[in-house]
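Residue numbers (my numbering), protein chains in the order written: chain A, 21 to 490; chain B, 559 to 770.
If you are wondering where the hints come from, they were derived from the structure by calculation, not from laboratory data. Predicted model, so just to flag it, every value in this text is computed and none were measured. Built from N, CA and C at the ideal position, the CB exists for glycine as well. You may find that some hints are simply not true.
Covered, in the sense of this in silico footprint (three residues per stretch, anywhere, with C-beta under 8 Å from a C-beta of chain A), are these stretches of chain B [to be verified]:
1) 578-588
2) 634-645
3) 699-711
4) 715-729
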Amino acid sequence: MAGKTLYDKLWEAHVVREEPDGSTLLYIDRHLVHEVTSPQAFEGLRLAGRKPWRGDSVLAVPDHNVPTENRDQGIADPVSRIQVETLEANVTSLGLKFFPMADVRQGIVHVIGPEQGATLPGMTVVCGDSHTSTHGALGALAFGIGTSEVEHVLATQCLWQKKTKAMQVRVEGELRPGVTAKDVVLAIIGRIGTAGGTGYAIEFAGSAIRSLSVEGRMSVCNMSIEAGARAGMVAVDEETIEYVRGKPQAPTGEMFERAAEYWRRLVSDPDAEFDAVVELDAAAIAPQVSWGTSPEMVAPIDGRVPDPAAESDPVRAEGMQRALEYMGLKPNTPMTEIRPDKVFIGSCTNSRIEDLRAAAEVVKGRKKADNITLAMVVPGSGLVKQQAEQEGLDRIFLDAGFEWREPGCSMCLAMNADRLEPGERCASTSNRNFEGRQGQGGRTHLVSPSLAAAAAVAGHFIEPSALKEA
Amino acid sequence: MQAFTVEKGIVAPLDRSNVDTDAIIPKQYLKSVKRTGFGPNAFDDWRYLDPGEPGMDGSKRRPNPDFVLNQAPFDEATILLARKNFGCGSSREHAVWALTDFGFRAVIAPSFADIFFSNSCKNGLLPVVLAEDEVQSLFDQVEANPGAQVEVNLEALTVTAPDATVFRFTLDEDRRHRLLNGLDDIALTLQFAEDIRAYEERQRQERPWMAS
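Extracted from the complex, chain B is given alone in its bound form (with noise of 0.2 Å):
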């Protein structure tokens, strides 16, 4: 995984609340069977005014000039504003691929859902929590100032907007050394594989017609 550290960049505001995954990255797209190449479909009925379909070649799409991802400078943006429940819907983590494949290393939002939070923090993306006034600061700040930029620290655990103003954030603090780290999360546990084993051979006892 790509640690997390500091991220200064452009922030795309994405004035909308219950983003949901198929909204991210919709359905004909989960028939990849690869990680990668997400990006280009990210948000595609929003971004583009045909339909789109997998393998198509994306220079002869028409874009969509009112989606914010479309305009510049947003199109060069690394952290996404949203509203509250971002990622809600679906558990595909494809939708975490295409926000990263995009350029993204941030989102903020009031609150996101449960599965998406657990994948973006697996896959670099940061995930912030800031109060929605907190928010709504960033949002016009950025109507007022396109192309300001935002910088998200993980270390610090704050947010500063263009205007300096510094907002803090909380993460757990097992999340937030695997990110700062980019660990691989399989080799950390497989070191309490012995514990692992240990539980199978309880289970085998107490509970034996779970072993099948």
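Pulled out of the complex, with its shape left as it was, chain A reads as follows (with noise of 0.2 Å):
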């Protein structure tokens, strides 16, 4: 008999109940919580008259709401307002546990979670929000799921799910210097499409991931979604542990040392077998622009913007001439001539303090071009702002130009003050290049922080190395 996937260990760990049809009743031991798809969810619970089965596995902040500047004034969208008064109000009334936005520990939900222990491995994780799958990188089964399922998690501290297929994304080999977490995933869409990964959970593996730190790793897990899969995760070693030990909400003492030992065999067993295996060549992948208005239309720094004409599906022809037309970008453009509006560095694919690190690196001593309009740093949570500001990082962007905001989702998907006008381009850490996504109109580039940094100071996308010395 084969060994064991990540994937069954943790799902084998969280079976209640199996319906002879494969239908799983698994437990759910943490759910993060945030105000957009949650009030729904606490109305229905409330009109049916039930109450949350496990309060103590929910965390709830605001984040996609909040604005990230001049926040002593409160939210000045009145919708935007009651919706984030709406989840303070549910949570309170129930005893929820709750970071409101004057807390030093708000931030994106993604990025708190693990910074607050408040995600482990080996826990099965859920959140009304489909980049659930970040917490996957600490060796959890962690995934996005719809408001009626929230109102489920809350009322049975349980889902009905199928077991999906499981996939090994292994990308083996060094990477070349300057190329990140964010690269690799991008890479890793471009060759499975947005659809590749649809029906599995994957697992990412390979000497190139494990030589990722646990927050290049939550890069990379955050997009599993972007490929099509709701899970993405990777195997616990000594470097997941070292990330736990210390978190706040993470057990102490002789509790955290039983729950290592556990932890530890949360990886795949050497003769698991996978549904489906892609293997990359870590050497080959370069740092990724996106070119079009789906996150696998990427090309790299050195590629060129594709042509509809030279593509043989008529299909996938046309969504990428609507593509490139929406994008005002012309067919074998290189994409460092491409020149950005707008700079976002921030989400919660990259705003944590190495993503903060990298951008800081490139920017120091430089200056915004005059091109940009704008070039923003919004942190994904009020410590990793704190944390920066100690490492003098927020006077490395205040003293080049760019602005030093609050934490939050921001221009990722623009549902607070900031986002993109009509036909602006940014150069953005986000995950999302939809139409609109930003700001109906925008037109959305995703790249890694450094090469967002890099496009900020020479104005059009270029490599960091090959920027002039500072």
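Two independent chains are provided; combine them into the complex using the hints.
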């Protein structure tokens, strides 16, 4: 009999009940909640006269609607304000753990979960948010759910699920200098496509993945959903365990050691079989820039915008054509000739301390280019912001003409005041380049933090190593 | 949940792949704390020429005449036809609520994103997966005869095209049963409350660090 995958192990440890047709009642250890996808769930609970099954499994935070400046003035948009107030009213009436906007621990839900030790290896983690896959970087089974499922988890601590297939994406070898976790995941999506992982749970493996920090692994797992997979994960290793040690909600002392012993077993067995295996050569991955309106539409920084005329599949060619029209790009344009108007460094993909350090390293001693009307850095949490300020990163950004903001989802999806105007082009460290994602008519190019920083300095896309001496 | 058995109606052809949930319901409408009222803003960026904001009077906006849902008879459609990977991206259930609020009861496509598929089944919006050539045949027939009716039958697991061709589809039995009967998931699950408590007791023994 073949060994077990990490996914098998996480799944089996959470089965409450299995029906003959494979429908499984799966236990949920951690339920992260934000203001956008929860109000209807709390209302449903209330209307049915139900209470949360296990209130201490919940961690709630407002992140999508919160302003990233002038917080002392509250939320100007009345509709956004009501949504944030509704979250606060719901969680406080039920006594659930909550970090309000003024709390230094407030931030993007997928940044604060691991930061607080609220998400741990071996857990099942859900949130009404597709980027919940982020937490899989810790060796957890983490996936996004809809609002009906949010209500279901609140009421029962469980979800009905069917086990999906397992895919291993193996990235072997050494990454070239300047190639980051973001480039790895964009290259993976470019390779398998936005539906390549549909119906699968993806385990990211191989020496290049293991060489990434835990934060880097989070950037990779974060974008699993952009490859169609609800869950992405990385096996536990000593890096994972050291990352978790000392986090506020992590176990301590002897209990930590007991947990760690269990966590070390959260790896795929050497003889485990996957339903699909995809291999990438790490050394062949270049820094990536997206050119279209789907995250699979990526090109290496030294490449060119592709030509739909060269595409044999007519449906695909039409999609490319539509994307180029929306993006205002001509086929065969070198990526390095594309000139953004704005730069956004932030989002649950790339707003952790290492992301900010990487961007600051590029920006240090340099200035924002004149054609960049706004370069903003939005830390993933109040604690990330505090840490960055202790390291002086805020000064580096401010001296270069960047804006240094308060934590939240911000211009990743533009539910707050931070947005692109029609036709504006943005170098963004976020995860989606869909039409209108960052503001109606806005044009998004997905990149790593160092590439976004380099674009802000040069005024066009460029490898950081090609920038003139600071 | 509204039960789904059979829906016979007009099919709106949306000839795009990778229709994402941001396109189905743009972010500014997610600020609502209600489950209803999203229909007028379904596909807002494609459907209107002026930028939309919550609370705007729909009758004063400029509809995009080129968008299928603004064209008769498709403004009366109850079945949406699209290309592969429908509903990708964000997990927002608001996308499903926008489609049902518009009046859709079923979406036919060669493939769906996982979260959208699951959300759909929980709201009585039937996602129907047909083969690419079957979807193409429906596009062709609707183009030739706009307003022709298509029947989606969940009892029989069939789609009957305007030319009377019958396409078969599958849906796992559990979801089918819940949709056919419009069942409340939570009440069903709570029948197993004892199993859930037993699991929690087991976990407290084996993995005591998890329980806080």
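Are 3 or more residues of the segment 578-588 of chain B near chain A, judged by a Cβ distance of less than 8 Å? As far as the segment 578-588 of chain B goes, the hint holds, because 7 residues have Cβ atoms under 8 Å from chain A.
| Counting residues of the segment 715-729 of chain B with a beta carbon closer than 8 Å to any beta carbon of chain A, are there 3 or more? | Our answer is that it is violated, as 0 residues pass the Cβ test (under 8 Å) against chain A, missing three.
Point to revise | 8 Å C-beta criterion, at least three residues: is the segment 634-645 of chain B covered by chain A | key: As far as the segment 634-645 of chain B goes, the hint holds, because 3 residues have Cβ atoms under 8 Å from chain A.
* Asked: Would you say the segment 699-711 of chain B counts as covered by chain A, given the rule of at least 3 residues with C-beta under 8 Å?
  -> violated (count 0)
In this structure, the earlier hints numbered 3, 4 are contradicted, and the remaining ones agree with it.
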